[in-house]
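*Asks:* Take a look at the letters that make up each chain.
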Amino acid sequence: MNIAVILRQVPDTEAVVQPDAARPGSIQEAELKFVLNPFDEYAVEEAVKITEKAGGDAVGFCIGPDRSEAAIRGALAVGLRRAVLITDAAAVEADVVTQGRILAAAIKGFAPELILCGRELIDTSDDAMAAVVAHFLDIPHVLEAVKIEVDGGKATVTREVEGADLEIEARLPVAVSCCKGLNEPRYPKILDIKRSRTKEIKRLTLAELGLESLPAKSRVVELRLPPARPKGIRVDGEPAVAAGQAAEWLSKTAKVV
Amino acid sequence: MDFEFSDEQRMTIDGARRFAAERLAPVVAELDEKGEVNLEALKELGSLGYLGMTVPEEYGGSALGAVAYAGSMVELSKADAGTAVAVSVQNSLVNDAIVHFGTEKQKKEYLPKLAGGEWIGCFSLTEAGAGSDPASMVATAVRDGGDYVLNGTKNFTTSGAIADAIVVFVRCDPQPGGKGLSAFLLTKDAAGFQVGKHENKMGIRTSSTTEMVFSDCRLPAEALLGEEGKGLKIALSTLDGGRIGIAAQAIGIAEAALDESVRYAKEREQFGKPIAELEGIQFLLADMATDVELAKTMLFKVAWLKDSGHKRFTKEAAMLKLFASEMAHRVCHKAVQIHGGYGFMKEYKVERLYRDQRITEIYEGTSEIQRVVIARNILG
Numbered sequence: 002m003n004i005a006v007i008l009r010q011v012p013d014t015e016a017v018v019q020p021d022a023a024r025p026g027s028i029q030e031a032e033l034k035f036v037l038n039p040f041d042e043y044a045v046e047e048a049v050k051i052t053e054k055a056g057g058d059a060v061g062f063c064i065g066p067d068r069s070e071a072a073i074r075g076a077l078a079v080g081l082r083r084a085v086l087i088t089d090a091a092a093v094e095a096d097v098v099t100q101g102r103i104l105a106a107a108i109k110g111f112a113p114e115l116i117l118c119g120r121e122l123i124d125t126s127d128d129a130m131a132a133v134v135a136h137f138l139d140i141p142h143v144l145e146a147v148k149i150e151v152d153g154g155k156a157t158v159t160r161e162v163e164g165a166d167l168e169i170e171a172r173l174p175v176a177v178s179c180c181k182g183l184n185e186p187r188y189p190k191i192l193d194i195k196r197s198r199t200k201e202i203k204r205l206t207l208a209e210l211g212l213e214s215l216p217a218k219s220r221v222v223e224l225r226l227p228p229a230r231p232k233g234i235r236v237d238g239e240p241a242v243a244a245g246q247a248a249e250w251l252s253k254t255a256k257v258v
Numbered sequence: 021m022d023f024e025f026s027d028e029q030r031m032t033i034d035g036a037r038r039f040a041a042e043r044l045a046p047v048v049a050e051l052d053e054k055g056e057v058n059l060e061a062l063k064e065l066g067s068l069g070y071l072g073m074t075v076p077e078e079y080g081g082s083a084l085g086a087v088a089y090a091g092s093m094v095e096l097s098k099a100d101a102g103t104a105v106a107v108s109v110q111n112s113l114v115n116d117a118i119v120h121f122g123t124e125k126q127k128k129e130y131l132p133k134l135a136g137g138e139w140i141g142c143f144s145l146t147e148a149g150a151g152s153d154p155a156s157m158v159a160t161a162v163r164d165g166g167d168y169v170l171n172g173t174k175n176f177t178t179s180g181a182i183a184d185a186i187v188v189f190v191r192c193d194p195q196p197g198g199k200g201l202s203a204f205l206l207t208k209d210a211a212g213f214q215v216g217k218h219e220n221k222m223g224i225r226t227s228s229t230t231e232m233v234f235s236d237c238r239l240p241a242e243a244l245l246g247e248e249g250k251g252l253k254i255a256l257s258t259l260d261g262g263r264i265g266i267a268a269q270a271i272g273i274a275e276a277a278l279d280e281s282v283r284y285a286k287e288r289e290q291f292g293k294p295i296a297e298l299e300g301i302q303f304l305l306a307d308m309a310t311d312v313e314l315a316k317t318m319l320f321k322v323a324w325l326k327d328s329g330h331k332r333f334t335k336e337a338a339m340l341k342l343f344a345s346e347m348a349h350r351v352c353h354k355a356v357q358i359h360g361g362y363g364f365m366k367e368y369k370v371e372r373l374y375r376d377q378r379i380t381e382i383y384e385g386t387s388e389i390q391r392v393v394i395a396r397n398i399l400g
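Here the protein sequences line up with chains S and F, keeping their order.
In this text, residue positions in the first sequence follow this note's numbering: the first is 2, and each later residue adds one.
In this text, residue positions in the second sequence follow this note's numbering: the first is 21, and each later residue adds one.
Hints may be right or wrong, so weigh each one.
In silico lysine-lysine, DSSO-like type, Cα no more than 27 Å apart, as pairs [to be verified]: (1) S:K190 to F:K127; (2) F:K54 to S:K54; (3) S:K34 to F:K321; (4) F:K128 to S:K195; (5) F:K63 to S:K50; (6) S:K195 to F:K321; (7) F:K125 to F:K335; (8) S:K34 to F:K63.
Just some of the chain F residues that point at chain S, by a computed CB distance under 8 Å [stated by the list, open to error]: (9) M21; (10) F25; (11) G35; (12) R38; (13) E78; (14) S82; (15) G137; (16) I394; (17) N397; (18) I398; (19) L399.
Since the hints were derived computationally from the structure, they do not count as laboratory data.
Using N, Cα and C, we set each Cβ at its ideal position, and we do this for glycine too.
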């Protein structure tokens, strides 16, 4: 079974991001550490697990600048066979719908039976990619999987909804976004890290995909940090007195009661 | 000059960090209290390649070199210095001794199992009366026909209770001095060998430390590691590499103490504000961070010297081990001070870090021996 895994490199979860004044809508990248989008790790692990059992190739598809290679190498080290990287600025800077269209075009020739991605990008919080790619390939999609079973030309996907598990059946091919809880991403073996260097990361251009002039569906006009949270106040002393002081502060200073 | 890790080194060190956070950190406090080894995690590290980082691939190693090894050791030590010392012993002392001095047969028999974590190894040099002065050891190997018969008790052997493979140093020549020492390589099932007393330690309590008792332990001549009479040379040259591992361990402990202190200083309020706003605390933190950074820079320099192969690095390894271990002492001392009374309590991580740090100034060459080595090198 062939599986396409959509990958994205994002700033490390602990990174402190700052808007880049020189490039509106972008962040300062110079001192930033980048990693594979954490939710993508579940997609990679699932793809590797399934192909280990059922055979076939698990191949990564990524839109991003050159530095994305580092994240792709990590996915290759834990078992993806090869990867495709699209670095055209027009693709990297595009909105999620346009990127989904580009990825769909890149994935189409590979003809996978399963397309997996993380449930959400932790930097932009976009969570629509599986649905968008499915739309452009005219295939079904299921979001937020915690369990995937593939058998007899169909996938049975479990997703958690408020207070219950929902089991959804879809014919293959299907695009599925992956949640925490789906599996335990393995640790890379050092030898596999070394061997990942010999695995192919193929560069694909928008021209090769016949998608040179794609009008943007939307664009980010500004990126700004939320206003700093004001410092709280602390009321000490005997409860009877302190409660009075707190009430006074709430009514006179904060004016919320 | 290039201070960047290669992709492979970075991915390997990141892997160690994630493993440490997920597999070591959650259980270390409990295992420290009980004095138990995390053998499952140690073996898993082996299956990932972290126990064979300087073993050539043809012998089952991951062969990524000393820089990646040093960086991984720092990450493992930040979470669990006891498990980390077993990793250091296996890589630096056991594997390296076999890689450099073993016969082809010994390499093929031992290295794949050690590098893959199927076997745990130990390095048995110290005796009750022979610590800093290994040449004064009294355990013997007597030639008997084609065999050697070993007798005596070694002590303070790291990973003694869990070891499958043992590198042991004994005296073949009854004349006193270093010339009569030889190294042997054996497995734990050798008749006449048994694990002796288990030590109850102040720190690194998630590592095993035991006596190793040899009573008429008969080994074939092919169990000799290197040439007869060259044991002291093997021990000393192997310990050069060991110092990278122990320095990395000390740096990991210190970095963990620094991280804990920064977090605590921001949270803890006294005099109506976080103590991180007090200059007295800021100066402590600044000195700690500077200490850790300098030691780390020297760590990767010495690891690079080792990876570059042709250069001698005895003096630099001694300087590194001396500085890193005493640095960790200073940093852990300040970390407990910043935590105040809470730093003295077992609920806080710095209490364990303070205990774990202490041995790094002692084993694999005390600070005093490192100074002797450095002085000899600069005086010629």
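*Asks:* All hints, please: hold or fail.
*Replies:* Verification of the supplied hints:
As the CA atoms of S:K190 and F:K127 are separated by approximately 22 Å, the hinted pair is consistent with the 27 Å bound. Taking the CA atoms of F:K54 and S:K54, the gap is near 40 Å; set against the 27 Å cutoff, the hint is violated. Note on S:K34 and F:K321: the hinted pairing holds, with a Cα-Cα distance of about 23 Å set against a maximum of 27 Å. A distance of roughly 22 Å separates the Cα atoms of F:K128 and S:K195; the hinted pair therefore holds under the 27 Å criterion.
Taking the CA atoms of F:K63 and S:K50, the gap is about 22 Å. The hint holds against a cut of 27 Å. Restraint check for S:K195 and F:K321: satisfied, since their Cα atoms lie roughly 22 Å apart, inside the 27 Å limit. For the given pair, F:K125 sits about 33 Å from F:K335 by alpha-carbon distance, which is inconsistent with the 27 Å threshold. Proposed proximity of S:K34 and F:K63 is contradicted: the alpha carbons are some 30 Å apart, above 27 Å.
Look at F:M21: its Cβ only gets to about 20 Å from chain S, farther than 8 Å, so that hint breaks. For F:F25, the interface hint is violated, since its Cβ never comes within 8 Å of a Cβ in chain S; the closest pair sits about 11 Å apart. Taken as an interface hint, F:G35 checks out: its beta carbon lies about 5 Å from the nearest beta carbon of chain S, inside 8 Å. Here the hint on F:R38 is kept, as its CB sits about 7 Å from the closest CB of chain S, short of 8 Å.
Hint status for F:E78: violated, given a least beta-carbon distance of 12 Å to chain S, over 8 Å. With its C-beta approaching chain S no nearer than about 4 Å, F:S82 sits inside the 8 Å limit, and its interface hint holds. Given hint, F:G137 at the interface with chain S, is violated; its Cβ is 11 Å from that chain's nearest Cβ, farther than 8 Å. Nearest Cβ of chain S to the Cβ of F:I394: about 33 Å, over the 8 Å cut. The hint is violated.
A least Cβ separation of about 33 Å between F:N397 and chain S goes past the 8 Å threshold, and the interface hint is therefore violated. Hint status for F:I398: violated, given a least beta-carbon distance of 37 Å to chain S, over 8 Å. The beta carbon of F:L399 is not positioned within 8 Å of any beta carbon in chain S (closest approach about 41 Å), and the interface hint is therefore violated.
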